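Number of protein chains: 2
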Amino acid sequence: MRYELYYWPGIQGRGEFVRLALEDAGAPYRDVCRRSNRAPESPQAFAPPFLKAGKLVIPQTANILLYLGPRLGLAPGNEAQRLRLHGLQLTIADWLSEVHDTHHPIAASFYYEEQKAEARRRAGVFLAERLPKFMAYFERAVDERFSYVHLSLFQMIEGLQYAFPNAMRKMKFPKLRKLHERVARRPRLAAYLSSKRRIPFNQHGIFRRYPELDERS
Amino acid sequence: MRYELYYWPGIQGRGEFVRLALEDAGAPYRDVCRRSNRAPESPQAFAPPFLKAGKLVIPQTANILLYLGPRLGLAPGNEAQRLRLHGLQLTIADWLSEVHDTHHPIAASFYYEEQKAEARRRAGVFLAERLPKFMAYFERAVDERFSYVHLSLFQMIEGLQYAFPNAMRKMKFPKLRKLHERVARRPRLAAYLSSKRRIPFNQHGIFRRYPELDERS
Chain H
145 MRYELYYWPG
155 IQGRGEFVRL
165 ALEDAGAPYR
175 DVCRRSNRAP
185 ESPQAFAPPF
195 LKAGKLVIPQ
205 TANILLYLGP
215 RLGLAPGNEA
225 QRLRLHGLQL
235 TIADWLSEVH
245 DTHHPIAASF
255 YYEEQKAEAR
265 RRAGVFLAER
275 LPKFMAYFER
285 AVDERFSYVH
295 LSLFQMIEGL
305 QYAFPNAMRK
315 MKFPKLRKLH
325 ERVARRPRLA
335 AYLSSKRRIP
345 FNQHGIFRRY
355 PELDERS
Chain R
145 MRYELYYWPG
155 IQGRGEFVRL
165 ALEDAGAPYR
175 DVCRRSNRAP
185 ESPQAFAPPF
195 LKAGKLVIPQ
205 TANILLYLGP
215 RLGLAPGNEA
225 QRLRLHGLQL
235 TIADWLSEVH
245 DTHHPIAASF
255 YYEEQKAEAR
265 RRAGVFLAER
275 LPKFMAYFER
285 AVDERFSYVH
295 LSLFQMIEGL
305 QYAFPNAMRK
315 MKFPKLRKLH
325 ERVARRPRLA
335 AYLSSKRRIP
345 FNQHGIFRRY
355 PELDERS
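Sequence lines, in order, name chains H and R.
Residue numbers are given in my numbering: position 77 of the first sequence equals residue 221, and the series is strictly consecutive.
Residue numbers are given in my numbering: position 14 of the second sequence equals residue 158, and the series is strictly consecutive.
Keep in mind the hints are simulated off the structure, nothing from the lab.
If you're wondering where the values come from, they're calculated on a predicted model, not measured in any experiment.
A few of these clues could be false.
Put simply, identical chains are the same to the list, so a pair is met inside one copy or across any two.
[What the hints assert, rightly or not] Below 16 angstroms or equal to it, Euclidean Cα-Cα: the simulated EDC-like pairs (lysine to aspartate or glutamate) are:
#1 Lys-199 with Glu-223
#2 Lys-196 with Glu-223
#3 Lys-277 with Glu-185
#4 Lys-196 with Glu-185
#5 Lys-340 with Asp-175
#6 Lys-322 with Glu-288
Given the sequences, and given the hints that come with them, work out the whole structure.
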């Protein structure tokens with residue numbers, strides 16, 4: 145099966161969570177809008193990313209990973225385990241939305257500069273209350289056994305260290321740090337991360353580096 | 145199987161989407177924290193609601209409905225259909241989070257009064273851009289065949305009409321309006337809605353009526 149991933153060109157964004165799974169598994173896929181100016185649209189999806197797999201059109205990142213997990217060897221087949229991983233992945237989705245809203249608390253359709261004051265307030269609460277709560281949860285909840293959730297947690301830590309280097313330097317998360325290092329060393333993933341297929345973090349994506357939103361060093 | 149639903153007492157909130165499914169199906173369940181002051185906590189859940197089903201602890205509303213759907217006769221058994229419904233449900237979850245953020249755009253831990261100015265800005269964009277986009281998507285995407293997604297859409301419309309009566313009065317959504325009426329007439333659901341088990345909408349839940357956030361009449 146050759147999968148087709150539809151996502152915005154030019155940013156990692158939510159699509160990256162799907163890319164990491166496909167790349168780590170060495171699955172054949174086409175990153176459809178990567179070099180085009182077409183908007184990734186389908187009447188079946190409210191928003192990108194969505195995945196085409198044969199006749200299926202699957203919207204929503206966590207839903208795509210629910211589908212791909214067992215097929216790519218990145219999740220066990222039994223229902224209890226799949227529900228457990230999916231619950232973790234949905235919590236990562238919530239976490240990611242909160243990261244987005246640190247720089248866009250009023251509207252995704254406004255520029256950052258139009259909501260800078262609100263962003264400062266929201267980012268402050270995010271770093272003080274929410275980030276430690278999410279990190280503590282995943283320190284406790286993450287499994288030993290490798291799955292697509294590990295790839296997504298790798299991406300969260302990678303992105304958070306890009307966006308909030310000072311805040312992240314002060315936080316203690318030994319298990320997640322080890323997980324991040326272990327995932328980065330996986331051969332296919334390491335090859336992907338150092339390839340041109342990996343879009344660099346930038347100021348258009350979900351993780352953005354605005355020093356005024358980070359803690360002081 | 146007797147299910148146990150864990151959610152905050154005193155509000156409909158996210159737990160209500162699970163209650164509607166259990167009630168419509170006539171499934172035996174216990175609303176565990178309903179009359180207690182205990183916080184609904186489990187190391188396996190980042191936040192409520194979560195469902196206990198035998199040995200399983202299932203967090204995240206959409207994940208719970210993914211599990212319950214086929215068991216309660218509220219979703220077909222085949223994978224393609226289940227993924228499709230789950231994609232819709234996850235989009236409802238995103239929509240609901242945006243409703244929440246109309247009155248709490250900075251932090252859930254602050255009072256509304258501490259973020260009133262930001263709430264006005266965010267609610268304005270929500271009503272002008274986001275609400276019409278979500279409504280148009282579901283007008284187009286909703287299936288004829290009844291499922292748990294219909295119950296959730298009923299709840300969205302019910303809640304939005306409570307929170308934003310003026311904005312909703314101006315919107316055209318004939319299919320969703322018909323769906324809302326049809327769902328409200330389902331015998332077990334109608335009995336639930338007029339019972340004391342249905343917590344009334346109030347100013348502590350996700351849907352809140354702050355006239356200053358609605359459009360003018």
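Hint check:
no., hint, in the structure
1, Lys-199 with Glu-223, "between (24 angstroms within a copy, 13 angstroms between copies)"
2, Lys-196 with Glu-223, "between (23 angstroms within a copy, 15 angstroms between copies)"
3, Lys-277 with Glu-185, "between (35 angstroms within a copy, 14 angstroms between copies)"
4, Lys-196 with Glu-185, "within (12 angstroms within a copy, 38 angstroms between copies)"
5, Lys-340 with Asp-175, "within (13 angstroms within a copy, 52 angstroms between copies)"
6, Lys-322 with Glu-288, "within (11 angstroms within a copy, 49 angstroms between copies)"
Violated hints: none; the structure is consistent with every hint.
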